[in-house]
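Undergrad: Here is what each chain is made of, one letter per residue.
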Amino acid sequence: MSDASTITPVFVRLKLSLLRNGLRQSSGRRVAYIASAVLTLLFAALQLIGLIALRGHEHAASVVILLVAVLALGWAVMPLFFPSGDETLDPTRLVMLPLRPRPLVGALLAASLVGIGPLFTLCLLTGSVIAVAHGTAAYVVGVLGTVLGLLVCVALARAVAAANIRLLTSRKGRDLAVLSGLVIAVGAQVVNFGAQRLGSAGLGQLDPAADVLSWVPPASAISATDAASEGSYGVAMLQLALTAGALAALIAVWARHLTRLMTEPDGSTLQSPDTAVRQSTGLGRLLPAGRTGTVMERSLRYIWRDPKTKAAWVTSLAIGLIVPVFNAVQGTGSVYFACFAAGMLGIQMYNQFGQDTSAFWMVAMTISSTRDAYVELRARAFALLVITLPYATLVTAVTAAILGAWARLPETLGLSFALLGAMLATGAWSSARFPYSIPQEGHKNVAPGQVGLAWISIFGGMVAAALLCAPVIALTIWLNISADGDSWSWLLLPTGAAYGTALTALGLRLAAPRTATRLPEILTAVSKG
Amino acid sequence: MTSAVSVRGLWKRFGQQIAVAGIDLELPAGKFIGLVGPNGAGKTTTLSMVTGLLRPDQGTVEVVGHDVWRDPVAVKARIGVLPEGLRLFERLSGRELLAYTGRLRGLPGAEVDKRATQLLDVLDLAGAQHKLVVDYSTGMRKKIGLACALLHNPEVLFLDEPFEGVDPVSAQTIRGVLERYTGSGATVVFSSHVMELVESLCDWVAVMAAGRIRAHGTLAEVRGEASSLQQAFLELVGAHGRDAGSDLDWLGGGSR
Numbered sequence: 001m002s003d004a005s006t007i008t009p010v011f012v013r014l015k016l017s018l019l020r021n022g023l024r025q026s027s028g029r030r031v032a033y034i035a036s037a038v039l040t041l042l043f044a045a046l047q048l049i050g051l052i053a054l055r056g057h058e059h060a061a062s063v064v065i066l067l068v069a070v071l072a073l074g075w076a077v078m079p080l081f082f083p084s085g086d087e088t089l090d091p092t093r094l095v096m097l098p099l100r101p102r103p104l105v106g107a108l109l110a111a112s113l114v115g116i117g118p119l120f121t122l123c124l125l126t127g128s129v130i131a132v133a134h135g136t137a138a139y140v141v142g143v144l145g146t147v148l149g150l151l152v153c154v155a156l157a158r159a160v161a162a163a164n165i166r167l168l169t170s171r172k173g174r175d176l177a178v179l180s181g182l183v184i185a186v187g188a189q190v191v192n193f194g195a196q197r198l199g200s201a202g203l204g205q206l207d208p209a210a211d212v213l214s215w216v217p218p219a220s221a222i223s224a225t226d227a228a229s230e231g232s233y234g235v236a237m238l239q240l241a242l243t244a245g246a247l248a249a250l251i252a253v254w255a256r257h258l259t260r261l262m263t264e265p266d267g268s269t270l271q272s273p274d275t276a277v278r279q280s281t282g283l284g285r286l287l288p289a290g291r292t293g294t295v296m297e298r299s300l301r302y303i304w305r306d307p308k309t310k311a312a313w314v315t316s317l318a319i320g321l322i323v324p325v326f327n328a329v330q331g332t333g334s335v336y337f338a339c340f341a342a343g344m345l346g347i348q349m350y351n352q353f354g355q356d357t358s359a360f361w362m363v364a365m366t367i368s369s370t371r372d373a374y375v376e377l378r379a380r381a382f383a384l385l386v387i388t389l390p391y392a393t394l395v396t397a398v399t400a401a402i403l404g405a406w407a408r409l410p411e412t413l414g415l416s417f418a419l420l421g422a423m424l425a426t427g428a429w430s431s432a433r434f435p436y437s438i439p440q441e442g443h444k445n446v447a448p449g450q451v452g453l454a455w456i457s458i459f460g461g462m463v464a465a466a467l468l469c470a471p472v473i474a475l476t477i478w479l480n481i482s483a484d485g486d487s488w489s490w491l492l493l494p495t496g497a498a499y500g501t502a503l504t505a506l507g508l509r510l511a512a513p514r515t516a517t518r519l520p521e522i523l524t525a526v527s528k529g
Numbered sequence: 001m002t003s004a005v006s007v008r009g010l011w012k013r014f015g016q017q018i019a020v021a022g023i024d025l026e027l028p029a030g031k032f033i034g035l036v037g038p039n040g041a042g043k044t045t046t047l048s049m050v051t052g053l054l055r056p057d058q059g060t061v062e063v064v065g066h067d068v069w070r071d072p073v074a075v076k077a078r079i080g081v082l083p084e085g086l087r088l089f090e091r092l093s094g095r096e097l098l099a100y101t102g103r104l105r106g107l108p109g110a111e112v113d114k115r116a117t118q119l120l121d122v123l124d125l126a127g128a129q130h131k132l133v134v135d136y137s138t139g140m141r142k143k144i145g146l147a148c149a150l151l152h153n154p155e156v157l158f159l160d161e162p163f164e165g166v167d168p169v170s171a172q173t174i175r176g177v178l179e180r181y182t183g184s185g186a187t188v189v190f191s192s193h194v195m196e197l198v199e200s201l202c203d204w205v206a207v208m209a210a211g212r213i214r215a216h217g218t219l220a221e222v223r224g225e226a227s228s229l230q231q232a233f234l235e236l237v238g239a240h241g242r243d244a245g246s247d248l249d250w251l252g253g254g255s256r
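Chains as they are written, first to last, in this note's numbering: chain A, 1 to 529; chain B, 1 to 256.
Please keep in mind that the hints were generated in silico from the structure rather than gathered at the bench.
Pulled a few chain B residues facing chain A out of the computed Cβ check, cut under 8 Å:
{"no.": "1", "residue": "L54"}
{"no.": "2", "residue": "K76"}
{"no.": "3", "residue": "V81"}
{"no.": "4", "residue": "R87"}
{"no.": "5", "residue": "L88"}
{"no.": "6", "residue": "F89"}
{"no.": "7", "residue": "Y100"}
{"no.": "8", "residue": "T101"}
{"no.": "9", "residue": "V134"}
Cβ atoms here follow ideal geometry from the backbone N, Cα and C, with glycine treated the same way.
Same shape as in the complex, but just chain A (with noise of 0.2 Å):
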């Protein structure tokens, strides 16, 4: 009973409701999809005139190849890493709708080129033709070309959707999914050094990558243009030829995933091979006895198993080594910033039962006394400085090794200690005190109705921070600029890191009593997602 003549509109309507339905959620959240939506739709305005402005230039076939190429990787990647962006992506909720496989693939393809993904894509390739397209042959090949390399993106993306549905849906898929935000924002950094370099050996540094890419669909549809354009019709038939080609390719290897996901069973009914088996590392064994170690062993467990935890902490450690050595490696930096490695894994401290989320409820049992919760969370501190001490170290001392800074390496380092102490001391305190969920799905790290919350949390205690290492930073200023100062910086290292270890305890101190009476109040805050 299904042709793809009545099904079509079926699930283009379905599409369509889905994103109409983005709009019936709660005030906040519908604010941020307008807001996501109408910040999409702008950019997309301002690539196509940026475009439009690149008609005419050198380098601009090259430019719109590799942009096009980008936009390529982003639709084959985004279904792994969002796998519930596209409800209809999930072909195993159709499974039990009578459907066959051939029209069920028209339909669906139809349904994904609704959306704003589809239209932002639509922008750049139309700009991207202008860009390259001279004459009207050029122009009769652009728009084939437009429209077949907006079907290879959907296409892709539907086929690496359906090949990994196993994997999407699984428990290692969705902790996959977490990570993803890490994936883009060193996409960010490496672009960003990309774009440095560009700026600076100029546009024809893309001409290489650019010839190779315009045999490659989809970029092969907007190369064809550029073909056509210097009147190679012959390239620019074999492009699109190309592109075609792929596209059916992937058609075909979607449908065949497709038939098979609709026909055998389901992979959640089926048992898993997994078996892996975790044995001891020795790790409990190096670590003291009792409640600290039993604590430190949990903490140091979970910074690699909990893909939010895993996240946060490559965050904090590839931003603390990239922006001092980068910046030390481009010679702009000074070796201080190397204070950024102590401060950005110094935010690991915070929300410190946020990250357990509700499953605090098994420390809150055991947490009888101030001197227990004291005890548990000078044990999470000693946890966070098994990997930050020696991390901290090495940052400055390879900082201090690139900018040829060895006389700065004691009293940075001091500044980092005292950083570090100060870190873990408003950390320890605004735990007990401004706890917050974290939504252990998708990508928020804070739940709804808890921003401020984490905000006075983490920027509150920056701002502390800052000022109870004050003395240490003006001690290092007045070394700096008095006369023989330099002979007594190396002070500033035991000073430091003394200072560091003093504020540390004192605000374990005041944190544990803190948690101990509030540990219903932590729990219901840490609850909520």
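Given chain A, work out where chain B should sit, using these hints.
TA: For chain B alone, kept in the frame of chain A given last:
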């Protein structure tokens, strides 16, 4: 008879909604006690307040003679809890979770490992002990949660919906462990809305509806004249005589 749990004038409001509206309750020691009520009756809120996980607006709770809020040291060492709707540390394996919980409770490491091995065996989790809890099924989660609650040999065990979503085999295992545990003189307090289960397990019942205790006492007392606890319960909460009637007269019969 001594009380395992003594609740006086317990109130809890969430904004406009009153979740628990003044509960007074004496739960006898050494019994298998069922707290029954429809969804939203306030069972979870009550158990959370009794175990010290939620602060009441008003009222006092004593567990084996110690005030939950004034003497947490004495209370927390004597109770075991399996809450509903709260997570476990899911990124630990079953065995790691037990090792963590036991050591946090202050038990010696060797003793924790010995008890963990026995609990994993009895609860039929030995084969999955090295799998992460996040990959466990609902029944396995309930069982590992129960193992965590029993590890320090508490005097009173609070279980919120311990059989919810649990397959019959796991339910039987859980039941066996709990019966052995109460047999030794310990107290189990558990909440459920499955009357048949409560009727077959418990010797003492408290019925909750809309934040209040509607009836409490031994099973026979609460059941009274009714043919089953289910019937007695429906009468108590006033849900009797409500059936689908003729509204769904098209349902069944084969024609479309």
